[in-house]
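Residue numbers (the working numbering), protein chains in the order written: chain H, 83 to 239; chain G, -9 to 280; chain Z, 249 to 1039.
I should point out that these hints are in silico values taken from the structure, not numbers from a laboratory.
Some hints here could point you the wrong way.
To be verified - Okay, the calculated beta carbon distance ranges per label pair:
1) His178(G) with Gly140(H): 32 to 40 angstroms
2) Gly140(H) with Tyr861(Z): 52 to 60 angstroms
3) Asp238(H) with Arg693(Z): 35 to 43 angstroms
4) Gln420(Z) with Arg34(G): 41 to 49 angstroms
5) Ser950(Z) with Asp89(H): 21 to 29 angstroms
6) Arg334(Z) with His178(G): 48 to 56 angstroms
7) Ser950(Z) with Gly194(G): 37 to 45 angstroms
8) Phe722(Z) with Asp238(H): 53 to 61 angstroms
9) Glu39(G) with Glu604(Z): 52 to 60 angstroms
10) Glu39(G) with Met351(Z): 40 to 48 angstroms
11) Ala696(Z) with Glu208(H): 35 to 43 angstroms
12) Glu200(H) with Arg140(G): 47 to 55 angstroms
13) Glu200(H) with Glu55(G): 37 to 45 angstroms
14) Asp193(G) with Gly701(Z): 26 to 34 angstroms
Cβ coordinates follow ideal geometry from the N, Cα and C atoms, glycine included.
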Amino acid sequence: MTQTLIDVRLTVNGEPVEHAVEPRRSLVDFLRHDLGLTGTHVGCEQGVCGMCTVLLDGEPIKSCIMLAVQADGAEITTTEALNGEELHPAQRAFKEAHGLQCGYCTPAFILTSVALRERGLDIPREELKEELAGVLCRCTGYQNILTAVETYLAADD
Amino acid sequence: MKPAPFAYERAASADEAVAMLDRYQGDARLLAGGQSLVPLLNMRLMQPEAVIDVNRIPDLDGVREDNGHVRIGALARYSAIEWSPIVGARLPLLSEIVRYIGDRQVRTRGTIGGSLAHADPTGEMALAALALDATIVVQSPTGTREIAARDFFLGPYFTVLEPADMVVEVRFPHHTMVTAFAEHARRHGDFCVISVAALGEPDGDAGWKTVRLAVGGASHRPFVADEASAALSNTALEPDAVEAAGAACVEAAEPSDDIRASADYRAHLLPIYVRRVLDQMKARRSQGAT
Amino acid sequence: MTDVVSIPETEIAPGQVGGRMERVEDERLVRGLGRYVDDLDPPRVVHVAFARCPYPHARIVSIDAGQARAIEGVLEVLLPDDVLGRTGPISILRPIPEAPRVMPYALPREIALYEGQPVVSVCATSRAIAEDAVAALDIDYEPLPHLSDVEKALADDAPILHPELGTNLLVQNPRGDGNPDAGFAESEVVVDDRFRINRVSGLPMETRAILASYVPGVRELEVVASTQAPHLFRKQLSDSLRFPEADIRVTTHDCGGAFGLKLGIFAEDVLVCLHAMDLGRPAKWVEDRMEFFRGATQARESLHVARMGASSDGTILAYTNHYYVDLGAHNSPMGSPMLSSLMFQGPYSFQHGYVERNVVLTNKVPVGAYRGYGQPEGCFVRELLLDRIARKLRIDPLEIRRRNFIRPDQMPWQTPGGAKYDSGDYQRCMEMAAETIGYEEARERQRALRDEGRYLGIGLACYVEMTGYPGSKFLGKHGAEYGAHEGVVVRANRSGGVDVYTGVPPIGQSTETAFTQVAATVIGLDAAKVRVIAGDTQGTPVNTGSFASRTLIAGSGAIERAGREIRDKALRVAAFMLDVPVDGLELADSVISSVDDPEISVSFADVAINAFYGHRLPEGELPGLEATAYYDPISSAFSYGTAAALVEVDPETGEFSLDRFLFVHDCGRQVNPMTVEGQLHGGIAQALGAALFEELVYDGDSGQLINGSMIDYFMPTTADLPKIELDHTEVLSPVTPMGIRGIGESGTIPPGAAVANALCDALAPFDVDINRLPLTAEYVWRLVAESRAHA
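All chains, please: the whole structure from these sequences, using the hints.
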């Protein structure tokens, strides 16, 4: 059955985007394959592993369990938004702390940290662990990820 | 895992949403936060003909106070509830419980209305609604009605909602009770193995007037433990009373075996968690917390 | 001979061996610019999905693909008959010794042997449509009696899964030495038990994935795959597709975690290539997570019937273990893990030991390699039995180990299991662990808390780990389809550095960075100018891949050889260019200069440019500045250490907290201490996951997997794991380049045993013995409850 396509208009990394998508197209597949933004990854399509984390209007969400059509009118931020000449401070913190190995979960943790920093709160380690518990990592045992995020959150502007 | 094909509708109002549900005669699903629905669609465990997106409906996500109640729109996100100063002040139990739900990402999108309609038997939001004696406001093509939380849940993923019904609001009465909550889970943020919420109205120096206990994970739906609550009300939560309450909870529970725990273990934990939660409630009273 | 080398880390420049160099991989990975298979979307790419058998054992009675084929966008449907005539079986890379090879074909002819086995392959213009087509297939299955565990499989009336074998016992592999019976007869105390090790999944965050492109006529099959061993992948594809290996290219740009699950090809890989070849379009398969739990190799499940005997002073006199591995329906490329047998002895000096591995076929997903490769299981059984003996003899667990350790001056040590330990000071790591965890104070606190009705426990576990293989000849004798070596091409570039070409792919193990450091150190270059080109069979020497904790040992050896050749030639050419004797020159930081007068110098870049032009070379010197070298290890090297855990348990509920966890290890010379720590963190996290949280549960009646989803498979989150404390020694290995030992798997080996021992220690007043995994609160509660019932 060929599905009726739905028009979506949204902003991705500050750029306006317009596209026609199938209703069942997930947001993560849309970002990765329709827009070519492959920095966001897919790990489960069940909303558990968090690889697909992007920011929706500044807040972290799991884009594998959001339909692309739902993002109409939204502002989506993906990991690519952080890329410039120099490493973004969050990216640098991860590199310095050896907070990644295979790299598959890294964009998800970095975006989650960026949103966390935006909230401007002082977060103790136990609570930080909970804030990050929505993204899984199989390589690092989370030790250096926590160090990286703490460093990033504590850094001056 | 890509969903089977479905039609996508967007409702601009609750009226429109229930009219659409009616039109599809049970073969459409409301899409709110999607944190429960979309995984089921992805796994093809649900294959509705249509999905009705209600996220654009205005004025359905507010948290406000009104005449002795806190009124939370069905589309209020878990994180909005988590961070709401009104909820923090008036319904601290709800603030506390919502932090056990999922994770940051899930809480950004998941809604209270969606959670109650989904009716996971271990669901923390359902437990909170029961414990806090909430009223669930439901709209259908024929009008609006109100259902007490304790009449709302019928079984696992099964409520009194009809195919063309939509939860539009959840209303919590103000209370001045001391509250406490504890749950046992296999890992952080996971569906609970067992959960207990307690509310108590202090009386005099060490006594308690009304005490209410609600239990999750120990039956095919969360429930208010009436007999246990009665055994605790108008007591000083003496060991005998607590033990009797624990036994009454076990009596009322019908736990099952599942991947997370056996029925036996759940039955074993239940009175212990009742005791822990009541201890917590006592401690909070001493600290002057509510 | 103990040779503890401790070079203060601040003295070593990051780019050198021993330095904490930030990873070169990170520049692309932190930016989200890694290239995992699914990131590639070539023009006209098509997508593959599979119909998988929903029963653990079934006859495929009929398949009607008519409706599926009619769906718009469906391009090809492959049924068993379409495939069996033109493909060969999937070869086994590491055969089980003396066992018949039970090799699957890409699709089953008539009988499906496990839930999840691919039965039909569908290719369509999108994955969603391919799944629609799979749903539209009409497949008639006749469920057959199934075997859901080893006991059922070995029962007299069990159906035989592979009729040609006549049995479900694939093979029995005995191994050992000495006279254990005599040892037991002399023992003051003997303990034994049946230990059930849980079935788990390595669960990398990236599932399996492959993209195959084929241009008809040109006969080039280009494959991008998420694999640990591109060259082996290539060879196996050639065998199964009956397609010349020389016409196949396999590349892994980036891989989102492997841990042993991505070693070799699987049925799906063959089928995707067939679609690509039939359609002349790039075909992609990205495994979804539901498929993953029912298709990717699983791990560890085994039943160990083990026995240990000791004298009155705690000296181990005998050890036996008859263990049963639940292999699943057939061999996976890496077969049943070997090392529960080879490494059963651990760090102890007992001479009388016998293990017998029984490999049993069942109707489950095939078991394959998973980090540790049998060592976590073997360590668990041995360390728990040793602690039981300690408790029975009332000897402290620290002390009983002191009485049994192999001593450094006894190295090299031949074990009854057949391993030859190279060097090490096992006791030292344990003493360091004991001191760091505050053993004496913990014991005091334990006594004090017991009076308060609180139960604190301290647990230890010691391990020795086999890293790398003892040479290619050894593997040849055991029928492996690969060697033990690594080969590299090291080629000077004109920017002042070298390009190192290796077939080892990036799977998170930081090989690019480690190889950079080795090359920079050996040759004398600025590390920033070294590039590592990894994971492409085109342009790299045939090599083995990233597994068995072997890469750094063999890779460093190869880079050392090639590097020395380049260095020597660079010095010769420089001497000629500078018109000075070659012995007076040194090469450091990409500059060649005279030792006596540093002003007399030439850059490595200029030397390379000159060599490439060939304009000014000494007589007899050929143009170019590169070398190809192989390194074949002469022996395995053995890493070792101790894990220690502090727990507090509530006997009423079985709930416990892991209050402290630390790990003291030795992996010889550390090329990059920072990445060594990372490897340990990750291995330990997987070990704690497997010990405390995870299990793949099969329903006893239906034989189906109950929890095949991320929702119900309990992998730990950030909030579930404690802080991991690390410490190390650096006893160089005498049998490897630079004294390196492997480190990739160490973390997985002792943690489960350490936590289990801590729990038993805490619950000693209840006389509790642990013999299964995972250690859930419910399990601990049952142990205490049963013990109370017996009291």
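Going down the list of hints, with the structure as the test:
1. Between His178(G) and Gly140(H), the C-beta spacing of about 25 angstroms breaks the proposed range 32 to 40 angstroms.
2. In this structure the hint that Gly140(H) and Tyr861(Z) lie 52 to 60 angstroms apart at CB holds, the actual value being about 56 angstroms.
3. Remark: the range hint 35 to 43 angstroms for Asp238(H) to Arg693(Z) is upheld by a beta-carbon distance near 41 angstroms.
4. As the Cβ distance of Gln420(Z) to Arg34(G) is approximately 44 angstroms, the hint placing it in 41 to 49 angstroms holds.
5. Between Ser950(Z) and Asp89(H) the beta carbon distance is about 46 angstroms. The supplied range of 21 to 29 angstroms is therefore violated.
6. Checked against the hint of 48 to 56 angstroms, the pair Arg334(Z) and His178(G) passes, with Cβ atoms roughly 50 angstroms apart.
7. Judged by the Cβ atoms, the range 37 to 45 angstroms given for Ser950(Z) and Gly194(G) is violated: they are separated by roughly 58 angstroms.
8. The supplied range of 53 to 61 angstroms is met by Phe722(Z) and Asp238(H), whose beta-carbon atoms lie about 56 angstroms from each other.
9. For the pair Glu39(G) and Glu604(Z), the supplied restraint of 52 to 60 angstroms holds, since their beta-carbon distance comes to about 59 angstroms.
10. Our hint of 40 to 48 angstroms for Glu39(G) and Met351(Z) holds, since their Cβ atoms are close to 45 angstroms apart.
11. Checked against the given bound of 35 to 43 angstroms, the beta carbons of Ala696(Z) and Glu208(H), roughly 26 angstroms apart, lie outside it.
12. Under the hint 47 to 55 angstroms, the C-beta atoms of Glu200(H) and Arg140(G), about 40 angstroms apart, miss the expected range.
13. With their beta carbons about 28 angstroms apart, Glu200(H) and Glu55(G) fall outside the hinted range of 37 to 45 angstroms.
14. Checked against the given bound of 26 to 34 angstroms, the beta carbons of Asp193(G) and Gly701(Z), roughly 31 angstroms apart, stay inside it.
Checked against the numbered hints above, the structure breaks hints 1, 5, 7, 11, 12 and 13 and satisfies the rest.
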